[in-house]
Structures are given as structure tokens and as C-alpha cells.
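J.: Taken in sequence, the protein lines are chains A and B.
Counted the way the working numbering counts, the first sequence spans residues 1 to 259.
Counted the way the working numbering counts, the second sequence spans residues 1 to 342.
Treat the hints as calculated values from the structure; they're not laboratory data.
Just so it is clear, CB atoms sit at the ideal spot from N, CA and C, and this is done for glycine as well.
Among these hints, one or two may not hold up.
So, partial list: chain B residues that the calculated Cβ filter (under 8 Å) puts toward chain A [as the list claims (entries may be wrong)]:
| no. | residue |
| --- | --- |
| 1 | Arg18 |
| 2 | Ala19 |
| 3 | Arg26 |
| 4 | Gly30 |
| 5 | Arg128 |
| 6 | Leu132 |
| 7 | His221 |
| 8 | Ala222 |
| 9 | Ser225 |
| 10 | Ser299 |
| 11 | Lys300 |
| 12 | Leu301 |
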Amino acid sequence: MIAALQVEGLNRAFGALPVTRDVNLMRERGARRALIGPNGAGKTTLVNLITGVLRPQSGRVLLDGNDITGTSQAERARRGLARTFQINQLFRGLTVIENLCMTIGERDGHCNNLWRSAGSRRAVIDEALDHLDSLRLTDDALKLVRELPYGRQRLVEIAIALAQKPRVLLLDEPAAGVPSSESHLILDVVAALDPDIAVLIIEHDMDVVFRFAKEITVLVQGAVFTQGTPNEIMNNEQVRAVYLGQEGHHGGRQGMHHG
Amino acid sequence: MAASETTAPAARGPTRERAANYLLERHRFGWAEALPWVIAIAAFFVFPDRMTFGSQVLIMIMFALSLDLILGYAGIVTLGHAAFFGVGAYTVGLAAARLQWTEPISGLFAAAIAAGIVGFISGWFLLRYRGLTLLMLTLATAILLQETGNLRSDISGGYDGLPGLTFKPLLGIFDYDLYGHTYYLYALAALAVVFFFVRRVVYSPFGQALTGIRENVRRMHAIGSPVHWRLVTVYTIAAAIAGVAGALFTQTNAYVTLTVFDFDNSAKVMVMLILGGTGRLYGAFVGAAVYMVLEDYFSKLSPTFWQFGIGLVLVLTVLFAPRGLLGLFEKAGEYFTERKRS
């Protein structure tokens, strides 16, 4: 079977500092994986290498078996690779619904059209509203993104990624900066994702990781330290030593939250 | 519209329907949009002896409108937009002076194509950059074109320019009168065509994508937008429109000199747009008209210090109406509707 996403021998250094060292990953269709690791382990760099924001110095990235190492970020997105950012990247001066319509328009190639009015495509608007409905954002549809509280903005960030209808979805700390009173909404959304989408979640919050992931990859100093099921990772003495161990036990929210 | 194709929106809640209607209705023409055209036609009858000045206002509106496409919508900051105005101006100027091609309307098309080509080529190279780098490179483009003209002053006429150009009667019928009545209506018709086109583009999905690039280019890459291609496309369109404005400038003044490429010209159109309000179509109308009328008024008041007046108005605008005069009007409108409601 061809993996939805495959990373082979990926290397990247910033100057003399290696931040990604010979990383190999495999994500089959419908995978639910988490990537964890202490601060500075190179998690976001790895996401940037996979999505094409950065170029690796060696190694390959394959999407559905096709080598996409040399393609642009936009090309990868068009081929079904979507991501959310650790810090929201939204169209802050536009309304929430426009953020979604834009995404759908680019996905379906409408944005190449200079003549037909955007507002004449009822189907796009309805689909955008459906995405908002499913994240309970409909009441905010006509608000400017920058007027929303951060937690709601975080949901827009996820709504955009889902509106891309990706086959592989990378979530970079989806619950970061969201008050715990609202983070359950995000977790619900993540838990309810289409089972066909391969999802890789990067998260500090161990509650999220253990609830969501079927397999966990631990990244330390740019290299894959170990992989395994949540239980294996929890009971791995070495992982506890380098990552979980600082406060003596696992599973606790505070203990893992490096911020 | 096509509401019957899908589930009736009303069944899914009023907020949903309101949001859908907002997008469905947004691109429709409103009554207020007739206002600038009514004013322009009224001016024709009220100030029949100021029509030469009037056509200059219309030309600057068109020039500012082209800048609004790239600056206001796509967020491309440029200090060299006069380059395309100049290319258009010299296309019809050189065609008339050197090739005896003096038919005005085909001249506009030729100017659009020439300026569009220059826009496409320079945009292809420059639009990889942003911010200050782009600012300097656009400025350099205009200077390079100006100096090229200066280098071949045997063709371009150098800083003395190409004086005393004559053009064929419009459509072979309407000749030009001393008061510029023909030119005014000609420029108004050209502006109407250009405006209709720009308005279509702005409300198209492509236009929406431009605002996306302005708001967050990283996100645009991440949702698969060919950002560079979009920017080159809109830059080419804006260049072509600026070229048409330049061509009208040459035709209405019957001369052209290399000063059309001046930094002053690039800066002036940007000031007009900021004065009126960026990214809102009619900002170009308000800004260019107010600027030109003030310039005219102040320069009569004090031929040496008129720029002080312009400067003062600009400072006040930036301080008290950061979204331009049009933004100020909108804010006032909102304020009064709020008060009426309460």
C-alpha cells in the first residue's frame, strides 16, 4: 500500500546547526499520529519541510507515492496537503466567511476567473457556510477575523485547512493559546475529522496527544528518537527521561506544557 | 438567484441566510454608485469653460484607479507607477510624431498593450520582492525608462518632449474644440469603460484572491494560491490602465515630455489614492478630484506656496482619516444610522 505521506532521510541545517537529522516518517491513509518533543526539537521545522516552506538539504517527501520534494508550497497544497500554523495565519481584515470562500475558490480554481462575480457562486457560499456550521462559527460569519477572540480565530484556522479538503493534514499545536474552556471544541473537531484524512498533530498538550493519537513519534534534537503507541511512549523510560521526566510523571497537563 | 438548487437557506437559520445574502448581493450596483457619474456629467454643463481641467481630473482618476488595483487590493507598494503612465503617454506621442499614427482610440489600445508588456516583464522580475526592496526596484524602473528616453532624445525629444502633436477627430467625426468639450466626454467614456472593467475584476474570485494576498501571503501559499502569477497578472492589468491614462494625457495636452516618468508623478498618484482611501474603488475618484481641485485653488491663491496647502490637507487626512476621505464619509454615515436607530 502506498503511504499518504512519506518522508525519507530528511536533513536540514540552519548554518552549523542541524535542525532536522535523517528523519523518516510514514503516514498511511487515515493515520492519526502525533509528533511530540521538547522545545527546539525541530517539530515546526519538520512541518515546514514537509509543506514546502523550507527546502531540505537532502531527503525526499512523497505524497501518495509521488515525489513532491521539488514542488512549491502552493503546488503541495493543491495536491492535498494542508496545514494549520502554530500562530494563526488568517485574512484578518476580511470576514470569516470570506476566509472560507477564498480557500474554496483557490482549491477549485475559481480564482483564475477575473470576470464572473465571486458572489454569483451560490455553491461556494453554501459550502463555506457548511464548514462554519460544523465548527459552530456561523454566528461569526460576517465578523472580521481580527474582531474574534483568539480561540474562535483558532477555529477559523482549522476551518480553512478542512475547506481545502486535504488528504494529509498537519496540525501545528491546534490548541496553543486557546483557553482550556474553549480548547475542548477544538479537540472535538480534531477527533471528528474525516477518517480518510491522514492527520499528523504536533502538540505539547499531552491530554490532546493521548486522546487523539494512535501512534506517537518522539522528536529529539531534530532526529526521530522513538515511535510507538501512546502506551509504549508513556512507559518508555528513555522518553520519560528526555521529555516527560522533568516533573516525574506523565499524563498531567502541567507537567508536559513547555509553552 | 440559484437558491432553489440547494436546500432553502431560510430553513437553516437566519444568520446563515444573512451571511449568504451579504456575499450574494455585494457585487450588485447600488444607487449611490451613480453619483460620481452624475457629478461628472453635471460638471460638463455647470463649468463649460473648465473642461480642459476636467479632463485632467478624469485622467488622474483613471491613473489612481489603476494604482488602487495593485496597492489597495493586492497590497503591492510601488513608487514607480508613473513608469506605465509614461509608457502609455509616449506610445501615442511617438506614434503620432514619428509614425503619423494619429487615430486616438486605437492609440489608447496601443498604449494599453505597450504599458501592459512593460508591466508584465518588470512585474515578473520585481514581484518576487516585497516591502522596501520592491519600493526601490519600482522606483528604479521608472528612472531607467526616463533615462532611456533621455539617452535617445533624437527619438523621444528628450526633456523638450514632443510638442505640438495633432490627433485625428474622434471616430472621424468629432473634432477638438478650444474648450476641450470633446476631450472631456472622450476621457469620461474611457474612464467609464475602465471603471466597469476594474469593478468586475475587484468583485471576481481573482479580485478576492488579491485581497487575500494583501491580508496574508503566507496563508495564500498554504491554500495553494499561485501568488506570483496572481500578482504579475494584476500588475500587468494595472500597468495597461495606467498606460491608457498616460495616452489620454498626451492626447488631451497635445504634447508629452519625459517629466511624465518623474518620481513626482508616481508620488502624486499615491497621495491622491491615500487621500481618497485605498482598496475601495471610489477612493480614486474622491482623492484625485479633491487633490486636483485643491491644487488648482491653492496655486491660484499662492503660486509659490501652494504645496503647503496640499501638504496640510494630507497630514490632516492621515491623522484624522487614516482610511481616507471616503473612509471618513463611511464612518460618518455609520454614526448617523446608529443614532437614528437608538
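J.: Taking the hints in turn, state whether each one holds.
T.: Hints versus structure:
no. : hint   : in the structure
1   : Arg18  : holds, 7 Å
2   : Ala19  : holds, 4 Å
3   : Arg26  : holds, 5 Å
4   : Gly30  : violated, 14 Å
5   : Arg128 : violated, 13 Å
6   : Leu132 : violated, 22 Å
7   : His221 : holds, 4 Å
8   : Ala222 : holds, 6 Å
9   : Ser225 : holds, 5 Å
10  : Ser299 : violated, 37 Å
11  : Lys300 : violated, 40 Å
12  : Leu301 : violated, 39 Å
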